[in-house]
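K.L.:
Note that the sequence shown covers residues 1 to 414 in UniProt numbering.
Hints in this document: simulated from the structure, not taken from any laboratory.
As the structure is a computational prediction, the values presented were derived from the model and not from experiment.
Mixed in with the good hints, there may be bad ones.
Okay, derived cross-link-like pairs now, BS3-like style, lysine-lysine, Cα gap no bigger than 27 angstroms in a straight line [unchecked claim]:
#, residue 1, residue 2
1, LYS255, LYS107
2, LYS155, LYS185
3, LYS286, LYS261
4, LYS107, LYS155
5, LYS212, LYS155
6, LYS107, LYS89
7, LYS118, LYS90
8, LYS89, LYS65
9, LYS90, LYS127
10, LYS81, LYS62
11, LYS107, LYS57
12, LYS239, LYS295
13, LYS150, LYS118
14, LYS255, LYS212
15, LYS127, LYS65
16, LYS212, LYS185
17, LYS286, LYS407
18, LYS57, LYS165
19, LYS252, LYS212
20, LYS255, LYS225
21, LYS165, LYS212
22, LYS252, LYS150
23, LYS212, LYS261
24, LYS90, LYS155
25, LYS261, LYS295
26, LYS90, LYS150
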Amino acid sequence: MEDLPLEIQPLVMSLLSLKDAARTSLVARNWRKLWTCYPNLCFAGSNDWTTEEDIIKIRRAKFIKTVNSIIQQHNGIDLNKFSIRFGLKKNFVNHLDRWIHFATASKARIIEINLWPKMERREPGIKVYNFPLEALGAQGSPFIVSLFLKDVSIKPRSDIGGFTKLRRLLLHDVEISGDLPGSLKNCFSLEDLELIACTGVAELYVPHQLDKLQYLQISRMCVQKIDFHVTGLTHFEYKGSMTYIVLHGCSKLEKVVLSSKSCSFVKDNNALVHAFTAIPSISAVKVLHLYSDMKAHPPVWTSQMTGPMYAFMFLRHLTCEIRIFTEEPNHHDGILQFARYLGVAPRLEMLQLHLMYYTQISECWHGEATGEEVSSCMGGLQHLKMVYMSGFRCYRPQILLLCGILKKGTSVDS
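Please model the entire structure based on the sequences and the hints provided.
P.N.:
Printed below as a string of structure tokens:
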């Protein structure tokens with residue numbers, strides 16, 4: 001190893017795990033310092049979760065000791081990635097500050113801090129660690145390319161520097177108290193942005209251009225407005241109560257995912273209508289996935305539905321997953337709104353419809369359908385090649401919708 005050129009040694013070490021890289025110091029005296037240039041320092045706790053307080057304390061002490069020992073010996077040169085994945089609360093701020101200082105002083109390109117790696121949400125009221133965003137701009141020149149934060153708090157400001165090279169920003173379960181939209185104006189290179197279950201943000205109004213942003217996901221956040229200028233956006237995902245959404249200039253959209261499942265039935269009864277009538281900025285999309293709950297009492301009739309406001313001229317693939325809560329499945333006509341909206345996608349090639357009925361009535365409808373019942377309000381579906389419907393229980397609205405689709409879709413493979 002010592003005979004290799006100095007610029008090759010870090011590359012060879014990077015092919016090993018951190019543990020194996022450290023073990024090389026035992027092979028020969030000349031190798032003792034080789035591992036100290038290891039480029040990816042990723043520290044993770046055990047996946048074997050326990051509620052025993054004594055075991056938790058032992059594991060936590062061992063984890064902290066390991067991290068402190070390694071960063072003390074590491075030379076801090078050419079650090080590519082620094083990652084912490086362990087459940088730690090705010091009272092361990094001294095250790096966390098020391099680790100963050102090491103990562104930023106070493107100019108790590110990728111920083112990931114996950115202080116609650118469990119799947120379930122943490123208990124409310126627990127104080128979390130405040131991640132110092134200022135540290136990312138304290139080294140004179142920008143270096144951070146990817147930042148992932150989970151279960152921390154941040155105080156973003158528009159005057160904080162160090163983000164001009166940032167391409168990936170992921171915030172999960174983060175308490176935000178500050179100007180997040182204002183801080184994004186410094187992220188000229190941002191390509192991926194994820195905001196999941198974050199609190200403290202009432203509106204996501206970003207008036208400045210994020211031309212390089214390609215992927216945008218906003219999930220489980222109570223925001224009243226989503227307003228971005230994203231001319232290069234190709235993938236957009238939103239999960240939550242239907243709200244005001246405007247994506248200016250996104251003519252390159254490849255895929256959109258909208259989900260209002262598990263939201264208020266009263267507010268989101270017409271979530272599908274919202275997707276087809278209230279978000280014109282997604283009309284250029286090619287692949288559209290909709291997930292929604294539907295409950296209506298009295299039942300929703302197609303004559304009461306808001307008509308389509310714009311066309312999806314480039315839509316090729318439409319997937320809808322709907323949970324329907326009703327006591328009268330043979331008379332709940334909410335799903336027949338598709339008869340009106342399919343016509344706004346004249347080039348649709350594939351339709352997937354997944355219907356999950358939550359009802360105590362299992363009686364099938366025994367009437368006859370010709371396809372004329374709903375096809376009259378459909379546009380042409382000449383390009384439709386495949387229709388897949390799951391959850392088919394022979395309820396009247398299901399039969400009417402399917403017959404209407406097949407009558408219009410003359411090119412559907414049999």
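K.L.:
Going through the earlier hints one by one, which of them does the structure break, listed in rising order?
P.N.:
1, 11, 18, 22, 23
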